[in-house]
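Undergrad: Just need the whole structure built from these sequences, with the hints factored in.
Protein chains: 2
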Amino acid sequence: MKSIDEYRIEIEKTIQSLDLPGGKLETLYSPIKYALSAGGKRIRPVLTLMAADAFGEKSQEAIKPALGLEMFHNFTLLHDDVMDKSDMRRGRMTVHKKYDENTAILSGDTMLTLATEYISMVEDKLLRNILDCFNGMAIKVYEGQQLDIDFEKETKIATSDYIEMIQCKTGALLGACAKIGALIGGATEKDADKMYEFGMQTGVAFQIQDDWLDTFGDSSTFGKTIGGDINNGKKTYLYVSALEADSQTAEALKEAFQIPAGDVRVKTVTRLYEKLGIAESAKKAVNHYSSLALKALNSTSLSDDKKEVFRKLAEKLIGRKK
Amino acid sequence: MKSIDEYRIEIEKTIQSLDLPGGKLETLYSPIKYALSAGGKRIRPVLTLMAADAFGEKSQEAIKPALGLEMFHNFTLLHDDVMDKSDMRRGRMTVHKKYDENTAILSGDTMLTLATEYISMVEDKLLRNILDCFNGMAIKVYEGQQLDIDFEKETKIATSDYIEMIQCKTGALLGACAKIGALIGGATEKDADKMYEFGMQTGVAFQIQDDWLDTFGDSSTFGKTIGGDINNGKKTYLYVSALEADSQTAEALKEAFQIPAGDVRVKTVTRLYEKLGIAESAKKAVNHYSSLALKALNSTSLSDDKKEVFRKLAEKLIGRKK
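If you read the sequences in order, they're chains A and B. Its first residue numbered 1, the first sequence is counted upward by one per residue in my numbering. Its first residue numbered 1, the second sequence is counted upward by one per residue in my numbering.
What the hints contain is simulated information worked out from the structure, not anything from laboratory work. Be a bit skeptical, because a hint or two may be false.
Derived contacts from chain A toward chain B, CB cut-off under 8 Å, selection only [what the hints assert, rightly or not]:
(1) Leu25
(2) Val82
(3) Ser86
(4) Asp87
(5) Ile105
(6) Asp109
(7) Asn135
(8) Ser299
(9) Ser303
Label-pair distances were calculated between CB atoms; the ranges are [to be verified]:
(10) Lys24/B / Lys41/A: 30 to 38 Å
(11) Lys283/A / Thr27/B: 28 to 36 Å
(12) Arg128/B / Glu6/A: 26 to 34 Å
(13) Ile259/A / Thr155/B: 51 to 59 Å
(14) Asp132/A / Lys33/B: 18 to 26 Å
Please read these numbers as outputs of a predicted model, since none were measured by experiment. C-beta atoms are modelled at their ideal positions from N, C-alpha and C, and glycine is treated no differently.
TA: Written as structure tokens, this is what we have:
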């Protein structure tokens, strides 16, 4: 197995050498090139390549499917940004802002089909299993996005519902990345499913950590403005677990969210979270889902040194920018 | 083989018995049920069932893939209606009008993945071929839609470019419907490709006929208001071939399109079309592409009575509501 950075570089090279049509089709394909060129950690395709190598030294055979998974991820970002009316992502204009909404919709659709094409570039005997895993994951991601949208209109969300939502919206894709890589590597169905569990629970831990960082992180390393979720009235893990903690404080919290967006609102909500020990309970949840991920990883037939590389990846993802 | 109506009824039944999730996922799936319940001729899935029976009495095996193709068609309608800001379709509110734009985007995405799942419900030995045909067709449809959008901003479009656009936007899907059905029926690759050609050219003839009907049709049978394309400044076959016909009239035509939308504009443009004999040249083009479709059909190994059923389907599609 190579290092995480080496896999990331391999993915970057593949993306840069991607031969998409130009000419009169430029208006359809240049937004796709733009979206893919934004960089980032490329955690998802890296996980696929790692799993393919860990189970059978097959990262070369996994490059196109890994690209398909990164393409899928970026497709969801294009459409989510339209739905959320987000103008910026990774310090650049979002596709619908740089081009227009119709372009983001149609180029996004194209990315989903391209992703399916790349995912299908596997041996015949693996095709059905990998395709089913991919499509099943995609449906979960849409369902997760819909639940997330619906939550915005609800006043009371159970923590268990929130966890189910992020299992779909964030967990399923990381799970599929690990499983598809494992299958390409020649893993047994059992090991591949355990790798899915590893990726999925890592995704859940990552999302809760991300919620935590948005309120309690350090703006200089987080890369986003602290308090963004509070100002946007986002139903995060912090918010839903605070509502469950204590009915009196829940009322105070709902009132605090009526304060106009700005420093006062962020400080008031943060103080209520602190009063309820929400920072600690979120950290506990991160540890809980991380340990579920590691438990699944440990139960695979992989050697200890290979498990260690996946452990490092999970740490890189979850432990980032504390 | 059954009659066209019997196949249509079979498709309707399959759509009505479709078991999509409800409960808290209702917000994602009810727009899909709504979109699919709008009825229509179901020409595309009927073509798939017919081809599967014609080549090997396999329409039962083709039901799910046929549903996938109808699902794909409806997915493109959802997203196209958002892009075109169309509020009505088949006498009902469009999905983004009845629900909202975000719903139309996300439910549309879900339909594309569901379509891919249904398409994949074929024997293992057919999976790759059918999946490649489906994905390749989908890319063509997006490219056609993009070309169509780009045309709206251009002042001069060659008729050949217009034909290429509708080959992608309308032809490719009908081609794939015929080919996928044929493959399920056990057709040779050669016959399946000829069926693609039959479907594709039928689609082109249908689109030109549709352009003709929008200006020269009878409003009582056409189902849409006559002159809609002229009032919307749509670059139809009539418009692009008129621009090519005569440079002086081309200028007059461009000026006529500056008249505010309404009866005067429709009448002025229609008179210019008549002066140039555009109605006749459009009819000639319809006949040309219809004969290309029939030539492809005739070159297959199908028996004459089976060819006759496809001929009737093409007639039903193209010869409608003259």
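Undergrad: It remains to establish, for every hint, whether it holds in the given structure.
TA: The hints, checked one at a time:
1. Leu25: It holds, given that the least Cβ distance between Leu25/A and chain B is near 6 Å, below 8 Å.
2. Val82: holds (6 Å)
3. Ser86: violated (13 Å)
4. Asp87: Cβ of Asp87/A sits 16 Å from chain B, so the hint is violated.
5. Ile105: holds (6 Å)
6. Asp109: holds (6 Å)
7. Asn135: For Asn135/A, the interface hint holds, since the closest Cβ of chain B sits about 5 Å away, which is under 8 Å.
8. Ser299: violated (30 Å)
9. Ser303: Status violated, d = 33 Å.
10. Lys24/B / Lys41/A: 30 to 38 Å: Since Lys24/B and Lys41/A have Cβ atoms about 32 Å apart, the given range 30 to 38 Å holds.
11. Lys283/A / Thr27/B: 28 to 36 Å: Distance hint for Lys283/A, Thr27/B holds at roughly 33 Å.
12. Arg128/B / Glu6/A: 26 to 34 Å: holds (31 Å)
13. Ile259/A / Thr155/B: 51 to 59 Å: Since the Cβ atoms of Ile259/A and Thr155/B sit about 53 Å apart, the hinted range of 51 to 59 Å holds.
14. Asp132/A / Lys33/B: 18 to 26 Å: Holds - the Cβ-Cβ distance for Asp132/A and Lys33/B, about 23 Å, lies within 18 to 26 Å.
Hint compliance for this structure: hints 3, 4, 8 and 9 are broken, all remaining hints hold.
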